[in-house]
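Protein sequence lines correspond, in order, to chains A and B.
Residue numbers for the first sequence follow our numbering, beginning at 253 and rising by one.
Residue numbers for the second sequence follow our numbering, beginning at 21 and rising by one.
Hint data in this document are derived by calculation from the structure and do not stem from the laboratory.
None of the hints are false.
Ranges between beta-carbon positions, derived for each pair:
1) B:R36 x A:R405: 24 to 30 Å
2) B:P194 x A:E300: 47 to 53 Å
3) B:G230 x A:E580: 51 to 57 Å
4) A:P304 x B:I126: 46 to 52 Å
5) A:L592 x B:F41: 22 to 28 Å
6) A:L278 x B:A49: 52 to 58 Å
7) A:D452 x B:Q45: 48 to 54 Å
8) A:L592 x B:V186: 17 to 23 Å
For every residue, glycine included, the Cβ atom is placed at its ideal position computed from N, Cα and C.
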Amino acid sequence: MTTATTSESADFPTTAAVSLSVDMRLAWYRQMSLVRAFERAVFNLNQEGLVPGTAHLYIGMEGIAVGACSAMEETDFLTSTHRGHGHCIARSLDVGRMMAEILGRADGYCGGKGGSMHITDISQGMLGADGIVGGGIPIAVGAAFGLRLKGSRACVLCFFGDGAGNQGSFHEAVNLAAIHRLPVVFICENNLWALSAPFDEMTAGKSLANRAAAYALPGERVDGNDVEAVFRAVSRSIARARSGLGPSLLECLTYRWEAHSVFTRQEIRPKEEIEEWKQKDPIASYRSRLIELKILGSERFEQIDSEVEAEVTRAVAFAKSSPAPSPEVAGRNVYTQTGL
Amino acid sequence: MRRDPLVFLMGEDVGRMDGLFKVSQGLMAEFGSHRVIDMPISEAAIAGAGVGSALVGARPIIEFQFLDFITIAMDQIVNHAAKLRYMTDGMVSVPLVIRAPVCSGIGLGAQHSQSLEAWFVHVPGMKVVMPSSPADAKGLLKSAIRDDNPVLFLEHRMLYSQTGVVAEEDTLIPLGLAEVKRLGKDITLVATGRTVPLALAAANSLSSEGIEIEIVDPRTLKPLDTPTIVRSVKKTNRVVIVSDGWRTCGFAAELMAVVMEECFFDLDAAVQRVCTRDVPMPVSPSLQKAVMVSEEAIVAACRSAMQRECT
Numbered sequence: 253m254t255t256a257t258t259s260e261s262a263d264f265p266t267t268a269a270v271s272l273s274v275d276m277r278l279a280w281y282r283q284m285s286l287v288r289a290f291e292r293a294v295f296n297l298n299q300e301g302l303v304p305g306t307a308h309l310y311i312g313m314e315g316i317a318v319g320a321c322s323a324m325e326e327t328d329f330l331t332s333t334h335r336g337h338g339h340c341i342a343r344s345l346d347v348g349r350m351m352a353e354i355l356g357r358a359d360g361y362c363g364g365k366g367g368s369m370h371i372t373d374i375s376q377g378m379l380g381a382d383g384i385v386g387g388g389i390p391i392a393v394g395a396a397f398g399l400r401l402k403g404s405r406a407c408v409l410c411f412f413g414d415g416a417g418n419q420g421s422f423h424e425a426v427n428l429a430a431i432h433r434l435p436v437v438f439i440c441e442n443n444l445w446a447l448s449a450p451f452d453e454m455t456a457g458k459s460l461a462n463r464a465a466a467y468a469l470p471g472e473r474v475d476g477n478d479v480e481a482v483f484r485a486v487s488r489s490i491a492r493a494r495s496g497l498g499p500s501l502l503e504c505l506t507y508r509w510e511a512h513s514v515f516t517r518q519e520i521r522p523k524e525e526i527e528e529w530k531q532k533d534p535i536a537s538y539r540s541r542l543i544e545l546k547i548l549g550s551e552r553f554e555q556i557d558s559e560v561e562a563e564v565t566r567a568v569a570f571a572k573s574s575p576a577p578s579p580e581v582a583g584r585n586v587y588t589q590t591g592l
Numbered sequence: 021m022r023r024d025p026l027v028f029l030m031g032e033d034v035g036r037m038d039g040l041f042k043v044s045q046g047l048m049a050e051f052g053s054h055r056v057i058d059m060p061i062s063e064a065a066i067a068g069a070g071v072g073s074a075l076v077g078a079r080p081i082i083e084f085q086f087l088d089f090i091t092i093a094m095d096q097i098v099n100h101a102a103k104l105r106y107m108t109d110g111m112v113s114v115p116l117v118i119r120a121p122v123c124s125g126i127g128l129g130a131q132h133s134q135s136l137e138a139w140f141v142h143v144p145g146m147k148v149v150m151p152s153s154p155a156d157a158k159g160l161l162k163s164a165i166r167d168d169n170p171v172l173f174l175e176h177r178m179l180y181s182q183t184g185v186v187a188e189e190d191t192l193i194p195l196g197l198a199e200v201k202r203l204g205k206d207i208t209l210v211a212t213g214r215t216v217p218l219a220l221a222a223a224n225s226l227s228s229e230g231i232e233i234e235i236v237d238p239r240t241l242k243p244l245d246t247p248t249i250v251r252s253v254k255k256t257n258r259v260v261i262v263s264d265g266w267r268t269c270g271f272a273a274e275l276m277a278v279v280m281e282e283c284f285f286d287l288d289a290a291v292q293r294v295c296t297r298d299v300p301m302p303v304s305p306s307l308q309k310a311v312m313v314s315e316e317a318i319v320a321a322c323r324s325a326m327q328r329e330c331t
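Required output: the full structure, derived from the provided sequences and hints.
Now the structure itself:
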């Protein structure tokens with residue numbers, strides 16, 4: 253399913269240059285499962301009426317965040333989207349503090365002020381989920397400018413959805429990164445629907461990867477439900493970026509299993525289509541593949557599954573026990589008093 | 021920029037041609053193209069580049085060639101720069117300076133003449149600065165660059181030709197500190213930016229009639245130095261507010277509200293405001309003159325404030 257659209261990407265091999273260890277594969281399976289279990293818990297907490305506002309679930313798309321973030325170094329950065337829990341977990345954020353934030357509690361990453369759409373952890377290079385479609389794309393490019401000025405060799409991964417590909421900010425930012433050869437990897441998570449709007453009807457050219465050609469960048473469509481394919485593609489793009497050759501654009505095809513957000517009651521998408529994509533489950537298919545390849549036995553997976561469930565149970569308990577923020581802090585941190 | 025290697029400038033035509041209005045003269049020659057960056061005509065990306073680089077510890081200054089062009093970058097400024105600190109409960113800050121000239125008065129018409137300061141004063145998380153003299157411009161810009169919050173720095177195009185004494189040394193004017201530009205006992209006149217020199221001229225002509233105007237220049241529109249304004253109003257008991265923004269819901273309206281809240285029982289006359297008329301800026305000089313704030317309009321408002329009494 254991998255198609256290179258420009259000749260430049262031929263400089264980087266399309267086959268796995270890195271040999272994948274059992275530990276890496278286990279870690280991927282574990283993280284994808286953790287994202288899924290976490291999102292199921294968010295869904296349930298919303299049913300209990302504990303999620304103020306809304307949350308956009310990443311279920312079905314786990315292969316992208318996990319594959320992409322595992323290609324990053326510790327000093328690298330990423331920008332995320334309104335559907336950002338997967339990126340946070342893949343970047344090893346604490347699931348307890350994440351859940352507390354989603355419930356608007358004092359121990360959340362943002363003290364309950366940000367919620368699901370604004371989880372940020374600057375210490376992990378996570379520059380923030382973002383409530384504006386396409387809002388994070390110019391910020392990723394700006395981060396790359398800042399890092400270059402500081403003499404850093406870090407890269408920035410920029411996640412966005414297929415809907416954001418039609419925002420002006422996408423074109424402005426990709427052009428800017430391209431002319432300055434900035435170390436950014438643009439990763440479009442094409443889940444084929446923007447709320448009720450089908451990708452094919454909204455996007456001329458029916459491809460985001462093809463748009464790379466307009467900026468003379470490598471553009472590649474990747475199976476987003478194949479964690480290893482995503483890892484390989486992002487690794488290639490990061491290597492290219494770090495060597496000074498500039499940005500790449502990856503379009504990872506995937507599908508969200510749940511409604512647009514936990515707030516959305518109406519489902520527009522055809523039932524058959526949803527079922528069809530559930531058969532391409534990035535987690536179950538990966539598990540089957542690893543069992544088939546005799547890399548791991550099914551008992552090991554069951555053990556991981558129960559560890560993951562326990563971790564999410566602890567996160568939910570932590571979030572539920574965290575207090576609501578005191579009304580006195582409502583006016584705090586609009587401005588900082590600091591300066592040089 | 022000499023003091024801090026992390027300060028850098030991005031904008032359209034800021035490098036090779038030293039800025040459309042020559043504000044960045046000599047900067048590219050001194051600091052090179054990695055710190056003075058000519059940008060494509062992509063205002064949203066320029067603003068986003070400012071936000072993103074600030075998040076990772078750089079200290080960007082971005083320039084919009086005309087303040088009007090900021091409309092294309094509103095998402096990055098209003099939804100991101102202004103809010104990221106609060107949304108993360110103080111985890112991050114955005115030390116970003118946004119410079120833009122207000123270009124009314126030179127015949128450029130409705131899309132190149134707007135004084136949009138009120139939009140940004142309205143947004144929590146933004147600081148807004150509007151200098152009226154060369155010394156203030158220098159001292160306030162230095163403070164803006166060293167501030168860890170996003171600061172919109174508005175320069176009026178017609179003030180670029182103004183001359184004045186500017187200290188050589190590293191003199192800082194703190195943000196949020198007003199200055200009384202002229203002492204007077206009869207009327208407190210609060211003016212910003214281009215209208216401060218107009219107000220000074222109006223005050224001089226009224227002085228010959230025996231009316232002494234006290235002129236307060238907030239210099240920073242947000243945070244506002246309310247105590248300095250209130251102190252003056254309690255002395256004069258009459259208020260005229262002058263602003264280049266439109267009349268309806270403008271910065272002058274906010275100042276009127278502050279005066280009503282803080283000084284209601286001190287007033288001897290209804291508060292007057294002199295603003296740009298509520299029309300898009302026309303090109304023809306005769307029409308432009310008819311809608312913009314003028315010295316004559318300020319004089320007329322002051323006379324009116326002197327005549328009207330609260331009973």
